[in-house]
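J.: Chains as they are written, first to last, in our numbering: chain W, 1 to 564; chain D, 1 to 368.
The hints are simulated quantities; they were obtained by calculation from the structure and are not laboratory data. Just so you know, not all the hints are guaranteed correct.
[Claimed, not checked] Sample of chain D residues facing chain W (criterion: CB under 7 Å; computed from the structure):
{"hint": "1", "residue": "V73"}
{"hint": "2", "residue": "G87"}
{"hint": "3", "residue": "I94"}
{"hint": "4", "residue": "F100"}
{"hint": "5", "residue": "F107"}
{"hint": "6", "residue": "V175"}
{"hint": "7", "residue": "R232"}
{"hint": "8", "residue": "P248"}
[Stated by the list, open to error] In silico lysine-lysine, PhoX-like type, Cα no more than 20 Å apart, as pairs:
{"hint": "9", "chain 1": "D", "residue 1": "K285", "chain 2": "D", "residue 2": "K132"}
{"hint": "10", "chain 1": "W", "residue 1": "K462", "chain 2": "D", "residue 2": "K285"}
{"hint": "11", "chain 1": "D", "residue 1": "K214", "chain 2": "D", "residue 2": "K151"}
{"hint": "12", "chain 1": "D", "residue 1": "K22", "chain 2": "D", "residue 2": "K148"}
{"hint": "13", "chain 1": "D", "residue 1": "K132", "chain 2": "D", "residue 2": "K22"}
{"hint": "14", "chain 1": "D", "residue 1": "K132", "chain 2": "D", "residue 2": "K151"}
{"hint": "15", "chain 1": "D", "residue 1": "K263", "chain 2": "D", "residue 2": "K343"}
{"hint": "16", "chain 1": "D", "residue 1": "K214", "chain 2": "D", "residue 2": "K263"}
{"hint": "17", "chain 1": "D", "residue 1": "K65", "chain 2": "W", "residue 2": "K347"}
{"hint": "18", "chain 1": "W", "residue 1": "K462", "chain 2": "D", "residue 2": "K22"}
{"hint": "19", "chain 1": "D", "residue 1": "K285", "chain 2": "D", "residue 2": "K295"}
{"hint": "20", "chain 1": "D", "residue 1": "K69", "chain 2": "W", "residue 2": "K347"}
Using N, Cα and C, we set each Cβ at its ideal position, and we do this for glycine too.
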Amino acid sequence: MTTLDTRPIHDEVPGNYLTFRRGILSWIFTLDHKRIGVMYLVAVLVSFFVGGVMALLVRTKLLFPGEVEWMTFDQYNKAFTLHGAIMVFLVIIPSIPAALGNFVLPIMLGAKDVAFPRLNLFSFYLWIMGAICAVYSLIAGGFDTGWTFYTPYSSQFSTGGTIPVLVGVFILGFSSIFTGVNFVVTIHKLRPPGMTWFRMPLFLWALYATALIQILATPVLGITVALLVVERAFNIGIFDPVMGGDPVLFQHFFWFYSHPAVYIMILPGMGIISEIIAVHSHRHIFGFRFIAFSSIAIAIFSFLVWGHHMFTSGQSPLMNVLFSAITFSVAIPSAVKVFNWLATLYKGSISLNTAMWYGLSFIFLFTIGGLTGIPLAVLSTDIHLHDTYFVVAHFHYVMMGSALIAMIGGLHHWWPKMTGRMFNETWGKIGCALVFVGFNMTFFTQFMLGSQGMPRRYYMYKPEFQIYHHISTGGSYIMGLGFVITAIYLLHSLFAGRKAPANPWGGASLEWQCTSPPPHDNFSVTPRVGDCYDFSAVSWDEKQQGYVVDVEAHVAAAQSGKGH
Amino acid sequence: MTNLMTTLLMQSSTAAEGPTPKTFWLPEGASTFAEQNDWVFNFINYINYFFFFLVIGLMVVFVWKYRQKGREVYARGPNHNTLLELGWTIIPTILVVFIFFIGFRGFVSMKTVPANAYQIDVTALRYGWVFKYPNGATSEDLYVPAGKPVKLVMRSEDVLHSLYIRDFRVKQDVVPGRYTTMWFQADHPTQGEDFHDLFCTEFCGTGHSNMNRKVFVLAEADFDSWVVEQGRWLDKIAPEELYSKAGPKLFARCAGCHTLDGKPGTGPSWGNYDGSGNIWERTSKAASAHKVSGKSVSELVGAGKQYETPEGYLRASILNPNEHIVDGYGPAMPTFRGQLSDKAIQALIDMMKHLDEFDAKGNFVGKK
Numbered sequence: 001m002t003t004l005d006t007r008p009i010h011d012e013v014p015g016n017y018l019t020f021r022r023g024i025l026s027w028i029f030t031l032d033h034k035r036i037g038v039m040y041l042v043a044v045l046v047s048f049f050v051g052g053v054m055a056l057l058v059r060t061k062l063l064f065p066g067e068v069e070w071m072t073f074d075q076y077n078k079a080f081t082l083h084g085a086i087m088v089f090l091v092i093i094p095s096i097p098a099a100l101g102n103f104v105l106p107i108m109l110g111a112k113d114v115a116f117p118r119l120n121l122f123s124f125y126l127w128i129m130g131a132i133c134a135v136y137s138l139i140a141g142g143f144d145t146g147w148t149f150y151t152p153y154s155s156q157f158s159t160g161g162t163i164p165v166l167v168g169v170f171i172l173g174f175s176s177i178f179t180g181v182n183f184v185v186t187i188h189k190l191r192p193p194g195m196t197w198f199r200m201p202l203f204l205w206a207l208y209a210t211a212l213i214q215i216l217a218t219p220v221l222g223i224t225v226a227l228l229v230v231e232r233a234f235n236i237g238i239f240d241p242v243m244g245g246d247p248v249l250f251q252h253f254f255w256f257y258s259h260p261a262v263y264i265m266i267l268p269g270m271g272i273i274s275e276i277i278a279v280h281s282h283r284h285i286f287g288f289r290f291i292a293f294s295s296i297a298i299a300i301f302s303f304l305v306w307g308h309h310m311f312t313s314g315q316s317p318l319m320n321v322l323f324s325a326i327t328f329s330v331a332i333p334s335a336v337k338v339f340n341w342l343a344t345l346y347k348g349s350i351s352l353n354t355a356m357w358y359g360l361s362f363i364f365l366f367t368i369g370g371l372t373g374i375p376l377a378v379l380s381t382d383i384h385l386h387d388t389y390f391v392v393a394h395f396h397y398v399m400m401g402s403a404l405i406a407m408i409g410g411l412h413h414w415w416p417k418m419t420g421r422m423f424n425e426t427w428g429k430i431g432c433a434l435v436f437v438g439f440n441m442t443f444f445t446q447f448m449l450g451s452q453g454m455p456r457r458y459y460m461y462k463p464e465f466q467i468y469h470h471i472s473t474g475g476s477y478i479m480g481l482g483f484v485i486t487a488i489y490l491l492h493s494l495f496a497g498r499k500a501p502a503n504p505w506g507g508a509s510l511e512w513q514c515t516s517p518p519p520h521d522n523f524s525v526t527p528r529v530g531d532c533y534d535f536s537a538v539s540w541d542e543k544q545q546g547y548v549v550d551v552e553a554h555v556a557a558a559q560s561g562k563g564h
Numbered sequence: 001m002t003n004l005m006t007t008l009l010m011q012s013s014t015a016a017e018g019p020t021p022k023t024f025w026l027p028e029g030a031s032t033f034a035e036q037n038d039w040v041f042n043f044i045n046y047i048n049y050f051f052f053f054l055v056i057g058l059m060v061v062f063v064w065k066y067r068q069k070g071r072e073v074y075a076r077g078p079n080h081n082t083l084l085e086l087g088w089t090i091i092p093t094i095l096v097v098f099i100f101f102i103g104f105r106g107f108v109s110m111k112t113v114p115a116n117a118y119q120i121d122v123t124a125l126r127y128g129w130v131f132k133y134p135n136g137a138t139s140e141d142l143y144v145p146a147g148k149p150v151k152l153v154m155r156s157e158d159v160l161h162s163l164y165i166r167d168f169r170v171k172q173d174v175v176p177g178r179y180t181t182m183w184f185q186a187d188h189p190t191q192g193e194d195f196h197d198l199f200c201t202e203f204c205g206t207g208h209s210n211m212n213r214k215v216f217v218l219a220e221a222d223f224d225s226w227v228v229e230q231g232r233w234l235d236k237i238a239p240e241e242l243y244s245k246a247g248p249k250l251f252a253r254c255a256g257c258h259t260l261d262g263k264p265g266t267g268p269s270w271g272n273y274d275g276s277g278n279i280w281e282r283t284s285k286a287a288s289a290h291k292v293s294g295k296s297v298s299e300l301v302g303a304g305k306q307y308e309t310p311e312g313y314l315r316a317s318i319l320n321p322n323e324h325i326v327d328g329y330g331p332a333m334p335t336f337r338g339q340l341s342d343k344a345i346q347a348l349i350d351m352m353k354h355l356d357e358f359d360a361k362g363n364f365v366g367k368k
């Protein structure tokens with residue numbers, strides 16, 4: 001019987017975290033945040049593949065305005081529901097915090113692990129259980145509610161797999177909460193000497209803000225789906241008016257979580273972009289404090305704006321007015337971040353690596369995603385645009401074009417660190433370009449579809465919309481090809497990639513100071529902390545084919561206040 | 001700022017001859033809201049173009065100008081600039097406050113129903129709409145008088161729906177268990193076969209994308225005579241022609257859930273699907289194997305039983321559908337009490353008796 005990996009962390013073991021112990025059980029029972037991060041990454045990417053296939057099915061159906069033989073109305077409804085639910089609950093929410101965050105956070109912070117390694121592993125297995133419930137729901141008849149589970153459709157009418165998937169969402173919620181708790185405690189308690197809050201990399205600020213939302217908002221989702229299960233299973237009226245409930249109450253509950261959840265998705269993405277832009281520009285991030293505090297501001301405001309999803313729901317006009325007004329408060333910190341990234345490029349020394357291509361793609365796509373949020377936040381124009389493809393396009397620009405592109409950018413940024421291998425830069429750029437072009441073809445056309453009045457979740461549509469759908473579907477195939485290429489060269493690099501130096505891009509934060517891949521316990525001596533955006537002590541080393549940080553000079557610069 | 005607003009809005013609201021034409025971004029604008037909302041939408045668009053090209057332009061210029069040369073790594077640039085940072089915080093704040101304000105103005109007018117508005121009652125049900133006019137006339141498509149404010153008072157029979165007329169720029173969810181309202185005014189009658197699209201925009205199940213109908217705007221005099229005629233359309237049909245002329249039209253409301261060819265829908269097919277014949281045959285046959293509420297139909301129908309005649313059973317199934325439910329189906333059918341007159345119910349039952357004279361879509365094709 002294998003026991004949990006509790007070997008004292010200071011055991012001198014040669015090699016790295018991948019070779020530290022071998023065998024499948026050493027992964028299944030691992031308490032190493034890096035291995036848990038890698039397992040999350042694999043699980044999330046597999047889910048991303050499944051969700052992507054669903055998206056391509058939906059897009060292929062939409063090539064035709066009428067009925068098609070190979071996909072019925074109900075199959076279409078189940079396909080888009082599954083696409084949404086998988087992408088939100090299984091992919092985007094855990095992608096950056098649980099996969100990349102788990103791997104990077106302790107190393108960036110200078111810690112040997114997260115504060116509660118067992119809780120971390122438990123959180124991963126909760127994710128697996130949630131995913132199993134989702135798969136079971138397919139066997140039990142699937143579900144066709146849309147990922148929003150609106151009542152009374154979900155409580156009385158939808159197909160048999162609805163309860164299993166709700167149970168799955170409930171469990172996934174706890175997975176997310178535990179990750180959040182772990183990160184908050186880790187950042188508070190495990191910072192090494194010298195790692196003050198204002199020396200902490202912005203990715204960690206973003207993860208911290210995200211963790212606060214995960215802890216405070218996710219329980220509401222748990223309560224909501226639990227009530228829905230109770231209503232559906234036992235006919236206890238909560239949301240269904242036939243039994244004395246109120247369907248609009250469900251929407252309040254649901255968006256009270258799901259709006260903050262948008263920031264669970266995007267905030268860590270913004271954190272990654274701050275890292276990528278600064279490191280690949282080899283230049284101190286501009287306006288550190290503004291970016292750091294804007295993350296916290298976004299986290300706080302995110303709790304106050306849920307009602308902007310409900311301008312047509314029948315809630316009182318006064319509420320609509322208040323929610324519209326508060327919504328604009330979120331726009332400001334988001335805009336501030338974009339301007340700060342631009343200013344960081346200014347007078348930088350920008351190396352256009354694949355990760356940076358993703359970083360620049362993010363700025364492009366997030367700018368569109370953010371700006372198109374304005375007509376949706378404005379009361380009179382939202383009435384026209386609500387529940388049309390305009391909304392679909394907007395949230396894909398934010399959730400996929402921004403959050404997921406940031407995740408893939410981060411994956412490239414830290415790939416050498418995680419795997420010890422370099423991927424092929426040329427193929428990386430080809431993959432990124434295909435994804436970028438395909439994405440814009442797919443979703444920019446949907447802005448036009450939406451503002452012309454095409455409702456979302458439609459199987460059949462008016463022939464006048466067909467040309468837009470053709471472009472959109474064509475784009476989705478190009479994007480799919482880009483992701484396939486990306487998967488191939490990344491997998492290829494595992495076997496044939498050049499061995500990665502410790503610091504391939506010239507970063508100055510702590511993760512670049514341990515080897516690639518990192519040793520099991522990250523740091524054998526307590527790391528010395530400088531200003532992670534001060535690149536004055538970073539130089540190219542021909543022998544290693546990578547960058548080196550002169551730690552003495554780096555720390556001295558920070559202590560003399562030169563860094564800031 | 002209010003004066004500036006008024007001037008800007010006045011400029012945009014020069015009276016048009018007909019609906020505003022479709023543009024790159026927006027569909028035809030055919031209500032009084034369209035002008036104002038489109039102005040706001042376009043205004044935001046121009047601001048968005050400006051900021052998009054500013055951000056992307058600067059990004060491209062910086063990336064080109066400051067690209068890495070050789071292995072030179074350390075770049076010196078300003079770490080922060082308080083004035084600049086305050087500037088790009090405060091200027092967008094002022095802009096969005098202004099944008100909120102113009103959207104708020106438009107919204108207030110959309111929520112302020114004029115006292116003289118013409119009221120139409122709307123019932124949404126999967127997957128159709130029933131529009132009921134003050135004289136009791138009903139229609140499947142929406143007919144409205146031109147140049148007059150129209151108020152819709154809406155309720156749902158089953159799940160959430162949302163009534164969306166894109167050319168009018170109006171949308172409102174229809175919520176079971178409560179009434180919601182919206183209003184609009186369309187000044188220009190639709191010409192001939194032309195119409196405005198009415199879509200359901202809240203996902204409501206299998207037939208969600210079929211839950212769209214037409215909106216016709218009629219000149220006020222035409223509307224008045226239409227609504228009177230509409231109230232009497234059934235009266236003018238002779239009893240022997242009732243099933244062939246009125247049947248298909250009435251069945252269209254059933255077709256969202258019931259098929260004629262035996263395929264299952266939300267409800268049982270009217271056609272033969274379990275070997276006991278079509279809806280009339282399985283209800284009227286003495287030894288029908290057809291099961292409802294766990295019993296055979298023939299236990300319910302016949303002399304001395306709950307229903308004397310099959311007609312009586314079918315009528316009850318329309319008016320009180322959840323009393324007896326066909327085995328294998330759920331209580332999904334709404335009552336049609338108050339929505340179908342006696343004559344309409346008679347037409348439907350007659351149609352059931354002559355199902356072989358209809359094609360699979362419910363069109364009358366005559367004796368084969």
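J.: Would you mind marking each hint as holding or not holding in the structure?
T.: Status of the hints after comparison with the structure:
Contact between D/V73 and chain W, as hinted, is supported at the beta carbon level, the nearest pair being about 5 Å apart and thus within 7 Å. Checking D/G87 against chain W: minimum C-beta separation of about 9 Å lies over 7 Å; hint violated. The beta carbon of D/I94 is not positioned within 7 Å of any beta carbon in chain W (closest approach about 11 Å), and the interface hint is therefore violated. Interface hint at D/F100: satisfied, since its Cβ lies 6 Å from the closest Cβ of chain W, which is below the 7 Å cut-off.
Because the smallest distance between the Cβ of D/F107 and any Cβ of chain W comes to about 4 Å, under 7 Å, the interface hint for this residue holds. For D/V175, the interface hint holds, the least distance from its beta-carbon to any beta-carbon of chain W being 5 Å, beneath 7 Å. Checking D/R232 against chain W by beta carbon gives a least distance of about 33 Å; that is not within 7 Å, so the hint is violated. The beta carbon of D/P248 is not positioned within 7 Å of any beta carbon in chain W (closest approach about 21 Å), and the interface hint is therefore violated.
At most 20 Å may separate the alpha-carbon atoms for a hinted pair to count; D/K285 and D/K132 exceed this at roughly 37 Å. As the CA atoms of W/K462 and D/K285 are separated by approximately 44 Å, the hinted pair breaks the 20 Å bound. Note on D/K214 and D/K151: the hinted pairing holds, with a Cα-Cα distance of about 17 Å set against a maximum of 20 Å. Of the supplied pair hints, the one linking D/K22 and D/K148 is violated, its CA atoms being roughly 23 Å apart against a limit of 20 Å.
Distance hint between D/K132 and D/K22 is unfulfilled; the C-alpha atoms sit about 30 Å from each other, more than 20 Å. Proximity of D/K132 to D/K151 is assessed by CA-CA distance (about 12 Å); at most 20 Å being required, the pair is judged to hold. Restraint check for D/K263 and D/K343: not satisfied, since their Cα atoms lie roughly 28 Å apart, outside the 20 Å limit. Proximity of D/K214 to D/K263 is assessed by CA-CA distance (about 28 Å); at most 20 Å being required, the pair is judged violated.
Annotation: proposed proximity of D/K65 to W/K347 holds, straight-line Cα distance about 8 Å (limit 20 Å). Proposed proximity of W/K462 and D/K22 is supported: the alpha carbons are some 16 Å apart, at most 20 Å. About 15 Å separates the Cα atoms of D/K285 and D/K295, which keeps this hinted pair within 20 Å; it holds. Proposed proximity of D/K69 and W/K347 is supported: the alpha carbons are some 12 Å apart, at most 20 Å.
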